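**Student:** Following the hints, position chain B against chain A.
In order, the protein sequences belong to chains A and B. Each step along the first sequence adds one to the number in this note's numbering, with nothing skipped, and position 73 is 73. Add 1000 to the 1-based position in the second sequence for this note's numbering, that's all there is to it.
Warning: the hint list may mix true and false statements.
As the list claims (entries may be wrong) - Keeping only pairs whose Cα atoms sit at most 27 Å apart, straight-line, the calculated DSS-like set for lysine-lysine is:
1. A:LYS146 / B:LYS1093
2. B:LYS1118 / B:LYS1142
3. B:LYS1109 / B:LYS1179
4. A:LYS160 / B:LYS1093
5. A:LYS99 / A:LYS185
6. A:LYS146 / B:LYS1061
7. A:LYS88 / B:LYS1061
8. B:LYS1179 / A:LYS104
9. A:LYS99 / B:LYS1179
10. B:LYS1061 / A:LYS97
11. A:LYS88 / B:LYS1167
12. A:LYS160 / B:LYS1142
13. B:LYS1179 / A:LYS86
14. A:LYS190 / B:LYS1109
15. B:LYS1118 / A:LYS185
16. A:LYS146 / B:LYS1167
17. B:LYS1118 / B:LYS1191
18. B:LYS1038 / A:LYS86
19. A:LYS88 / B:LYS1109
20. B:LYS1101 / B:LYS1149
21. B:LYS1197 / A:LYS104
22. A:LYS185 / B:LYS1109
23. B:LYS1197 / A:LYS190
24. B:LYS1179 / A:LYS97
25. A:LYS97 / B:LYS1197
26. A:LYS99 / B:LYS1191
27. A:LYS86 / A:LYS146
28. B:LYS1061 / B:LYS1109
29. B:LYS1174 / B:LYS1061
As the list claims (entries may be wrong) - Interface residues of chain B toward chain A, partial, derived using beta-carbon atoms under 7 Å:
30. ALA1053
31. ASN1114
32. VAL1145
33. GLU1148
34. ARG1155
35. LYS1157
It is worth saying that the hints were derived from the structure and are not from the lab. From a predicted model like this one, the values you see are computed outputs, not experimental measurements. Each residue gets a CB set at the ideal place from its N, CA and C atoms; glycine is no exception.
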Amino acid sequence: MKQFLFYILLFSVLASCSNEPDIPVTELYEIRDIGQLSTVEYTIGKIIILEDSDFEWKDFEWTDIEWTDFDKLPKIGERKLLISCKAKVKAGIDLTKIKEGAIKVSGNTIEITLPPAEITSFSMDPNSVRTEMENISGFRDEFTQKEKTEFLQQGEEAIKNDMADSEILDDARSNVEMFLEDFYKQLGFKQVIISHTIEKK
Amino acid sequence: MSNDLKRLLKSLIAIAVIVLAGWLIYHFVFNRNKDSLKIEDTPIHIESIRTIAEISTVSYKDEVVFDTLEYYKGATNIFDPRDWDRLYNDNIKRRLTLIIKGEIKFGLKLTEGNFTIKSNGDTVRLILPSPELLDVIITPSKTEVFHEKGKWSDRAKRQLEIQAKFKLQENAEKLKLEKRAKENAERMFHKLINTDKHLIIEFEQDE
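So here's chain A without its partners, still in its complex pose (with noise of 0.2 Å):
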């Protein structure tokens, strides 16, 4: 009697102190009026290198750790990971920023001042997303898909602070002087001036 005492006892600890968690249930969306014009589409590649080493003993002082850093203390084993990925880059101007009196109009002559060149959207479409290469030796645990998706993270931040060496946004610029010197012309204009707000840093 108590044996079967003590199991519905722990039977009822156990089923109370489950660790599932609630699912967040979302029902907020925004929608918003915008006006992007995008004149330009790269698409960029880059490889995620991520090597969770051996620890160096040699470099190793008891000394430089403290008792809450835990994190700290070595581990046996080496993880390695690399991914492929892609990222689909726009960018272009947006037209609710050009101000009044932007557009003036003289007889057959139109003059627009553009706001300048921006990145429009940025995506990183999971199909793209490919693991080349996983190594896992000694005690070591996988990598998992949450440590997966913050190297990803960090991989998106890489591309997106690389990106602004490139040329897209000068290449967005001439653009969309092309579209719009096209689409005024086609509008009975003989000549089109378009010029840029300088973006202020």
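**Tutor:** What follows is chain B alone, placed relative to chain A:
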């Protein structure tokens, strides 16, 4: 010092040594790094450059939750300690839950120059293609692995992300944003075409 006290001290020291050894083995061997690992600095490579002409006029942002579960098979035996894990985990063997924030853009695709401008006397008629879905944007930075229990393959996660993309698209289509996209496009072109002439904007399906 009595023998009993000596024995007690020896036992306490032995327990302390076992606890310390267990703690060290756990942290040296099994425990995962909680510190965020940093990826190596590798260059990006531009694979293609495409000239486009797309006017996005409506943006829809939404968040979807995708949860996938796998339960233990067979009945739970509460008298078997090996099954106690099932009780603690609501009989769930594996679970992966993703929260994905995405953005959908509707607008006009003018890439092929597929618009017509007809000027007749004091009237300008602009015929534009119908608004359509331009982008379904999801990124790792807007993807959260909310819960992960058990081992999950890349393919399983990818499947969830693709389902989330479809769900976002489905949610957006229910809201019939094409009408709003048209109204915004009209407003945009009225702003761009600064003319005294009467401007008529039509969309291809309006015939």
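**Student:** Any hints this thing doesn't respect? Which numbers, in order?
**Tutor:** 2, 4, 8, 13, 31, 34
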